[in-house]
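Here is how the chains run, residue by residue.
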Amino acid sequence: MRHLKQLLIILSISFAGEILSQYIPLGIPASIYGMVIMFTLLYAGSLKLENVKEVGDFLVGIMGIMFVPATVGIIDCWDVFSKSIWLYLIVIVVTTIVVMVVSGLVTQAIGRIEKRRGEGRDEA
Amino acid sequence: MKLEFLANSIYWAIVISLASYVFGDVLKRKFKIAVMNPILISVALTSVFLLATGSDYSQYKANSSLLSWLLTPATICLAIPLYEQLSVLKKNGLAIIVGIASGVLTSFLCILALALLFSLGHSEYVTLLPKSITTAIGIGLSEQNGGHVSITAVVIIMSGIVGNVASPFVLKILKITDPVAKGVAIGTSSHAIGTAKALEMGKVEGAVSSLCIVVAGIMTVIKVLLVRTII
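Protein chains in written order, with this note's numbering: chain A, 1 to 124; chain B, 1 to 231.
No lab work stands behind these hints: they were computed from the structure.
Mixed in with the good hints there might be a few duds.
List time: in silico DSSO-like cross-link candidates among lysine-lysine, alpha-carbon distance up to 27 Å [said to hold, decoys possible]: (1) K175(B) with K90(B); (2) K61(B) with K83(A); (3) K203(B) with K5(A).
Facing chain A, from chain B, some residues (calculated, C-beta under 8 Å) [said to hold, decoys possible]: (4) I76; (5) L78; (6) I100; (7) T106; (8) L112; (9) L116; (10) F118; (11) H122; (12) I137; (13) G140; (14) D178; (15) S190.
Stretches of chain B that chain A covers, calculated by requiring three or more beta carbons in the stretch to come under 8 Å of a beta carbon on chain A [as the list claims (entries may be wrong)]: (16) 56-68; (17) 80-94; (18) 142-152; (19) 162-172; (20) 198-205.
Ideal Cβ placement from N, Cα and C applies to all residues, glycine included.
Chain A extracted, bound-state conformation:
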């Protein structure tokens, strides 16, 4: 019963997110609204972590498999895709890695500056 209750809470939040995404025309999907709702409820203390934890961790743990059906859809648009496959591959690989490098280095640099400042304050 415990797991069923957890599932019920998670699905209810999904449902709430779905309603929001239908009524707010910003193109933000149900999952993002739902994530904000769940976080807010946990933060406010109205939802206890142990009431979603096990089923939630299970779902997060098996997330990879959930992307498979949509990706296999490549066999349906293969004609269009394969025409410029190299172009797409170059854009995908280059952009993903450049974004990873820039955002990672920027975050690390700012983190270090802040840390140094924090230490400076401690000494003063």
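Please arrange chain B on chain A, whose structure you already have, making use of the hints.
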């Protein structure tokens, strides 16, 4: 060879997806090479299986819809690691936000530069534009702006897989060792699929990466709205 019994089965689609995924996971553990990625292997084997048996994608899609259906609840549950690591997020708030913003801007400029270099048309450009953000938002953006939606989905997922596969090397080579910075790098460049790898690296990496899915997604929506109003 067309297999008649597949047409009458409601289980084969999930069985083949799961079996190839588990097989991919076994290969990953055995060889410890990043290319041995369960998602990648599952997609490849399932596609080959569909083509070899002459099955329709539409039928596979209908029968495997449970897996896609779970994606929204699972994404919502990323709020759990987020909440558990709240103190780390608060302490590094500025670095995380600026890091994500720099990544979103870089993604924009990088795709624009490559589009100009390869002289892509508008529809190809908007098809590629949402590639680093989560599938659900990205598909909406592509659709609203006249992109090719199914290709956007594939491009987004492939970006996720590239991030998932390449992140350990890239982060190591560039000496990005801070867990918060690793999380931002992975989440901003490769959304939920990358986040799966970030969660393997550690709790902080996973939580930061989960946060990036939301923030980078919303920043991209705002940026596209801005660009559209200006142009």
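Status of the hints after comparison with the structure:
With a C-alpha separation of about 24 Å, the suggested pairing of K175(B) with K90(B) holds against the 27 Å cut-off. In summary, the hint linking K61(B) to K83(A) is supported, as the alpha carbons are separated by about 24 Å, within the 27 Å threshold. For the hint pairing K203(B) with K5(A), the CA-to-CA distance comes to about 25 Å; that is within 27 Å, so the pair holds. Because the beta carbon of I76(B) sits about 4 Å from the nearest beta carbon in chain A, less than 8 Å, this interface hint is met.
Annotation: interface hint on L78(B) holds; nearest CB of chain A at approximately 6 Å, less than 8 Å. Among the interface hints, the one on I100(B) holds; its C-beta lies about 6 Å from the nearest C-beta in chain A, closer than the 8 Å criterion. Taking 8 Å as the C-beta cut-off, the interface hint given for T106(B) holds, the closest approach to chain A being about 4 Å. Because the closest C-beta pair between L112(B) and chain A is about 10 Å apart, greater than 8 Å, the hint is violated.
Using the Cβ-Cβ criterion of 8 Å, the hint placing L116(B) at the interface with chain A is not satisfied: the shortest such distance is roughly 12 Å. The beta carbon of F118(B) is positioned within 8 Å of a beta carbon in chain A (closest approach about 6 Å), and the interface hint is therefore held. With its C-beta approaching chain A no nearer than about 15 Å, H122(B) sits outside the 8 Å limit, and its interface hint is violated. Contact between I137(B) and chain A, as hinted, is supported at the beta carbon level, the nearest pair being about 6 Å apart and thus within 8 Å.
With a least beta-carbon distance of about 4 Å to chain A, the hint placing G140(B) at the interface is held under the 8 Å criterion. The interface hint given for D178(B) holds, since its Cβ lies 5 Å from the closest Cβ of chain A, which is under the 8 Å cut-off. The beta carbon of S190(B) comes within 6 Å of a beta carbon in chain A, closer than 8 Å, and the hint placing it at the interface holds. Using a Cβ-Cβ cut-off of 8 Å, 8 residues of the stretch 56-68 of chain B lie near chain A, which meets the minimum of three, so the contact claim holds.
Restraint check on the stretch 80-94 of chain B versus chain A: 8 residues with Cβ-Cβ distances below 8 Å, three needed, restraint holds. Only residues whose beta carbon comes within less than 8 Å of a beta carbon in chain A count, and the stretch 142-152 of chain B has 4; three or more means the coverage holds. Counting residues of the stretch 162-172 of chain B whose CB lies closer than 8 Å to any CB of chain A gives 6, so the stated coverage by that chain holds, three being the minimum. Taking a C-beta to C-beta cut-off of 8 Å, the stretch 198-205 of chain B contributes 1 residues in contact with chain A, too few for the three needed, and the coverage statement is violated.
Of the hints listed earlier, those the structure fails to meet are numbers 8, 9, 11, 20, in rising order.
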